[in-house]
Amino acid sequence: MSALTIADVERIAALAHLDLTGDEKTRFARQLADILDYAQQLQAVNTEGVPATAHVHAAAGAERDDAPRPSLTPQQAVANAPDANLDAGLFRVPRVIGG
Amino acid sequence: MAHPTARAIRDDVAAGRVSAVEICRDALARIEAANPALNSFLLVDAEGALERARKVDARRAAGETAGPLAGVPIAIKDNLCVRGMKTTAASKILETYVPPYDATVIERLEAAGAVIVGKTNCDEFAMGSSNENSAFGPVRNPWATARTPGGSSGGSAAAVAAAQVPLALGSDTGGSIRQPASFCGVVGLKPTYGRVSRYGLLAFASSLDQIGPIARTVEDAALALTAMAGPDRADATSSHEPLPDLIAALTGDIKGLRVGVPRTFVSEGVDADVKAAFDAALSVMQAAGASLVDVELPHAPYGVPAYYLVCTAEASSNLARYDGVKYGYRSPASANGLQAMYTRSRSEGFGAEVKRRIMLGTYVLSAGYYDAFYLKAQQVRTLLRRDYEQAFERADVIAMPTSPIPPFGIGEKADDPLQMYLADIFTVSANLAGLPAISVPGGFVTRDGAQLPVGFQLTGRPFDEATVLRAGDAYQRATAWPTVAPGELQ
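For the record, the sequence lines run as chains C and F.
If you're matching positions, the first sequence starts at 719 in the numbering used here and goes up one per residue.
If you're matching positions, the second sequence starts at 30 in the numbering used here and goes up one per residue.
Among the clues, some could well be false.
Simulated DEER-style distance windows between Cβ atoms [claimed, not checked]:
| id | chain 1 | residue 1 | chain 2 | residue 2 | range |
| --- | --- | --- | --- | --- | --- |
| 1 | C | Leu-733 | F | Gly-166 | 49 to 57 Å |
| 2 | F | Gln-315 | C | Ala-770 | 36 to 44 Å |
| 3 | F | Ala-87 | C | Leu-804 | 30 to 38 Å |
| 4 | C | Ala-725 | F | Leu-404 | 36 to 44 Å |
| 5 | C | Phe-809 | F | Gly-298 | 43 to 51 Å |
| 6 | C | Ala-725 | F | Glu-422 | 45 to 53 Å |
| 7 | C | Leu-733 | F | Pro-515 | 49 to 57 Å |
Think of the hints as simulated: they come from the structure by calculation, not from any bench.
All values derive from a computational prediction rather than experimental measurement.
Think of the CB as a built atom: it goes at the ideal place given N, C-alpha and C, for glycine as much as any other residue.
Produce the complete structure using the sequences and hints provided.
What follows is the structure, encoded as structure tokens:
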């Protein structure tokens, strides 16, 4: 019932910034359909009026003082980048405009 | 004792009977000896570990009080940041990542005197139940090397079971500490959601992830949790709930403890030998003075579908950060522009299971499917929490097998993700409900002439790790199942 077409898979992959091979598309179409079919059993559960649990913690979202603390330097923050200008503390990416 | 526990090491180091450096050298030798067969460690920091051990000895020599984990070698799952130590989450996309900061648990363990020796293998981004999804090769089960150690914290569990280290850290999103502990015959504790700060854990599913210890004894797990627990300003979901004295809680006395058994839930789809081990474990609890009470968890059978919708949705969002810009792998195809950099870096950097979960999560969050899948799963999550609340009116802990099946062969389930997911049936509900749960060694089953461990799982009320640990410790004292795999690996 949750048949997924190759076009569906391509649409999801584009949303997820993934570029799949033909084999991957065929395999994921089948496997994701299997999993979604299995997940359909949730439809049998009566959830009318039941709130969603996004988070188990009632106390989540605790606040703290908005006070500055020591943190990474710009150089440390970009040190792991595949391409960075360390001195300026900047990430470098391919040209976006006017390429 | 040939393979001292963390507690024994701490006592010996504190008393000056042995130095942290000697203990560290011994652990490094064990790691080196067993790693070619197991692939449990991705990185061993021998020099750094010895330096850390020397500092522990120096502090003792200077008259400082030894910490509660003084000189204890500890292995860290490779999805936890250790400053200056390569942290890959077993993914090609982070193959070169060197964190500039420590996870909060790392700071706290080091303050307690623990000596970090290296990083353990795992499923890529903790996504898997067999450790076969590592970009750096599978881990092998020390009890039977043709079988998986479970996952995703398979390297940590194997390292403890092979006595490479007495203590290791894992992370548990849907069973990733407890199931490998079960498969490797050791103790694995998932604390209550919020008990331990997640700062410095590479996020998989943020509403489910929790860091916890893997050890050979319940007492060692309690020592480690005590060192790690508590609020942290860097994690807004970390809890201020006070931690009782977990070591004092290990009285060995479970007279009158009410052990809830969800008989309907555990009657189906469980391997006959695993079921027999579970029934025997219940008898041990009863003989020790606990009473068995029937409980119902009517929505527990929906745990696996609810879990895989929630965790993949959160994963698809969390893993959006891996884009070839800030850290890790960038594809050579990036020369073709920004969009190519994103898609090619992610496509070449992520493995199959991670892509599958990102795809599934993206789908269930996409327009037109959100209500039917994601919202529905979160509503079922509420019903499951209510089931547990009701069950805990009658019971102090709830007992289940950790896994419905014994350790399976490497490659056996690799082509069928749904079958792999179904085996998480007894572990995911503790994550969905945010509850503390422990897997303790629960006996053995025989397959192909090999003795394979199975785990006995106990789940408790929110923030009641003390009762979970007390029950697990009493069971472990009564049974004393071996926790070190036999053979040449030690």
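Against the structure, the hints:
no.: 1; hint: Leu-733(C) to Gly-166(F): 49 to 57 Å; verdict: violated, 31 Å
no.: 2; hint: Gln-315(F) to Ala-770(C): 36 to 44 Å; verdict: holds, 39 Å
no.: 3; hint: Ala-87(F) to Leu-804(C): 30 to 38 Å; verdict: holds, 35 Å
no.: 4; hint: Ala-725(C) to Leu-404(F): 36 to 44 Å; verdict: violated, 25 Å
no.: 5; hint: Phe-809(C) to Gly-298(F): 43 to 51 Å; verdict: holds, 49 Å
no.: 6; hint: Ala-725(C) to Glu-422(F): 45 to 53 Å; verdict: holds, 51 Å
no.: 7; hint: Leu-733(C) to Pro-515(F): 49 to 57 Å; verdict: holds, 50 Å
In the structure shown, a violation is registered for the earlier hints numbered 1, 4, in ascending order.
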